[in-house]
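Trainee: Residues per chain are reported as follows:
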Amino acid sequence: MKAGIVGYGAEVPILRIKTEEIARAWKKDGVKIATGLGVKEKAVASFDEDSCTLAVGAARKAVLDFGLNAQKIGAVYVGSESHPYAVKPTASIVSDAIEAGPELMAADLEFACKAGTAGVQMNLGFVEARMIEYGLAIGTDTAQGRPNDALEFTAGSGAGAIIVGDKRNEIIATCEDTYSFTTDTPDFWRRPKEDFPMHAGRFTGEPAYFKHVLSASRGILEKTSYKTKDFDHVVFHQPNAKFPLKAGKILGFEREKFEAGLMCPTIGNTYSGATMVGLCAVLDVAKPGERILAVSYGSGAGSDAFIFKTTKNIEKKRGKIAVKEMIKEKQYIDYAEYIKHRKKLKSL
Amino acid sequence: MTTGFPPLLWRRFPERYTLAGNKCETCGTSYFPARKVCPNCRRRGKLVDESMPRKGKIVSWTQCFVGPTGFEHETPYFVAIIELENKVRLLAQLVDSDEKKVKTGACVEKVFRKINDADKSGPIAYGYKFKIVG
Ligand SMILES: [Zn+2]
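Quick mapping for you: the protein sequence lines, in order, are chains A and B. Residue 202 in the working numbering is what sits at position 202 of the first sequence, and the numbering runs on without skipping anything. Residue 429 in the working numbering is what sits at position 81 of the second sequence, and the numbering runs on without skipping anything.
Errors might be hidden in some of the hints.
Unchecked claim - Below, computed lysine-lysine pairings styled on DSSO-like, alpha-carbon distance capped at 27 angstroms:
1) A:Lys316 <-> B:Lys403
2) A:Lys330 <-> B:Lys451
3) A:Lys167 <-> A:Lys72
4) A:Lys343 <-> B:Lys462
5) A:Lys343 <-> B:Lys405
6) B:Lys449 <-> B:Lys435
7) B:Lys394 <-> A:Lys320
8) A:Lys320 <-> B:Lys435
9) B:Lys405 <-> B:Lys448
10) B:Lys405 <-> A:Lys330
11) A:Lys328 <-> B:Lys384
12) A:Lys167 <-> A:Lys309
13) B:Lys405 <-> B:Lys479
14) B:Lys449 <-> A:Lys330
15) B:Lys384 <-> B:Lys435
16) A:Lys328 <-> B:Lys448
17) B:Lys462 <-> A:Lys193
18) A:Lys309 <-> A:Lys223
As the list claims (entries may be wrong) - On the chain A side, residues computed to face chain B include the following (Cβ under 10 angstroms):
19) Leu15
20) Glu49
21) Thr53
22) Val56
23) Pro84
These aren't lab readings, by the way, just hints derived from the structure by calculation. Beta carbons: idealized from backbone N, C-alpha and C, even for Gly.
Okay, chain A solo, but in the shape it has when bound (with noise of 0.2 angstroms):
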């Protein structure tokens, strides 16, 4: 492919709690359940952030952080499970917010926490067909824990945005090659009008995260001749800590590789956010000529598969502040807060 990533951005919002203060609440242990999942702590969007302002803080930072210009974006694609409205796109609120529209094409994605990258590839698809000059792909989530479910002491809160483009001197990582695998697994869902997912528990492992992950892996390097030796970097989307580091294993990547893109132990499971923000850290610190591998997960489900290659205007062309710098300023809150900000109490 000619075309590649021009422009990246994150947004976390600066809240966070600790697993150990849920595990409190709920009279449970906190130590154990933070070792177990990896996660030691999530952040929290707050009352008056969702997935578009974390979406907005994000575009915004791969528009003016790359020096692009925002009018020549021709799709914007946002990707969630959280879209502030049923009925009426975050897309077009995003794209009006960053000053890229009117003359676009614009739609919300859903694919539980993949549709973020599935937006990715359809930039991809439309910039080497040259349909338009740039394409901004946004996977963002305020993802949504029952509380006294297994999944409150994970889901956490963030955006991550990707600008597609083809002019060499701006493509800071090309893209090699991108291939998915899908089947239908109901291993998470949300009914129309349900406040919370509901998840098959154990179900959620074997046959959902690690089959596609890990078959989506195995594709793209088959497809492509890589070996596991010809990366510098891996990212997967990270639903706790674990789950990542023993797909790695199984398919014989070392663990340094995770280390850069590894951002669910700080700020927990960004669903939409998770691959996008965690390839946004590992592109923070890349160096030239080094070989990336993305995969995404999805419940229902789906993993797309990308392979990016670094090029000589990364050293240039960067982040202004780099993820996990920036996710180092934040405020803890109390399991009662976080009650308030996130709204689970019926008369707010």
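Starting from the structure of chain A, add chain B with the ligand where the hints point.
Mentor: Leaving out everything else, chain B with the ligand in the frame of chain A:
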């Protein structure tokens, strides 16, 4: 705060989303919200559309402990008069800012937030707030 009636809300999107104002090319003064006539130049003024800069500094601030309807659950919160880089002043809520850093002269940057969504079945009002940076 305009929430219920969609056309009223919609008319303010450019101002709330991108700080859309205007500037008089004759005397170089920027205006937010946009002016119909430049008060300095009157008929000689030539006004062109301009989005306000995203950065500025606090000129004055206060903390609200009793919020108006729709904001009663947000208290206590900070409201500040902000002078943008082009000298335009506006009133906005401060968010994500350490209480100790809320001071006259503090540098602020625009963020995109929900202003009000008290009406659960109505349209959501998004717009600008500011956060202290550095
Ligand atoms: Zn004038």
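Trainee: Look at each hint and say if it fits the structure.
Mentor: Hint-by-hint comparison with the structure:
no.: 1; hint: A:Lys316 <-> B:Lys403; verdict: holds (24 angstroms)
no.: 2; hint: A:Lys330 <-> B:Lys451; verdict: holds (20 angstroms)
no.: 3; hint: A:Lys167 <-> A:Lys72; verdict: holds (13 angstroms)
no.: 4; hint: A:Lys343 <-> B:Lys462; verdict: holds (14 angstroms)
no.: 5; hint: A:Lys343 <-> B:Lys405; verdict: violated (32 angstroms)
no.: 6; hint: B:Lys449 <-> B:Lys435; verdict: holds (22 angstroms)
no.: 7; hint: B:Lys394 <-> A:Lys320; verdict: violated (36 angstroms)
no.: 8; hint: A:Lys320 <-> B:Lys435; verdict: holds (25 angstroms)
no.: 9; hint: B:Lys405 <-> B:Lys448; verdict: holds (16 angstroms)
no.: 10; hint: B:Lys405 <-> A:Lys330; verdict: holds (22 angstroms)
no.: 11; hint: A:Lys328 <-> B:Lys384; verdict: violated (45 angstroms)
no.: 12; hint: A:Lys167 <-> A:Lys309; verdict: holds (15 angstroms)
no.: 13; hint: B:Lys405 <-> B:Lys479; verdict: holds (10 angstroms)
no.: 14; hint: B:Lys449 <-> A:Lys330; verdict: holds (14 angstroms)
no.: 15; hint: B:Lys384 <-> B:Lys435; verdict: holds (19 angstroms)
no.: 16; hint: A:Lys328 <-> B:Lys448; verdict: holds (18 angstroms)
no.: 17; hint: B:Lys462 <-> A:Lys193; verdict: holds (22 angstroms)
no.: 18; hint: A:Lys309 <-> A:Lys223; verdict: holds (16 angstroms)
no.: 19; hint: Leu15; verdict: holds (9 angstroms)
no.: 20; hint: Glu49; verdict: holds (6 angstroms)
no.: 21; hint: Thr53; verdict: holds (5 angstroms)
no.: 22; hint: Val56; verdict: holds (4 angstroms)
no.: 23; hint: Pro84; verdict: holds (6 angstroms)
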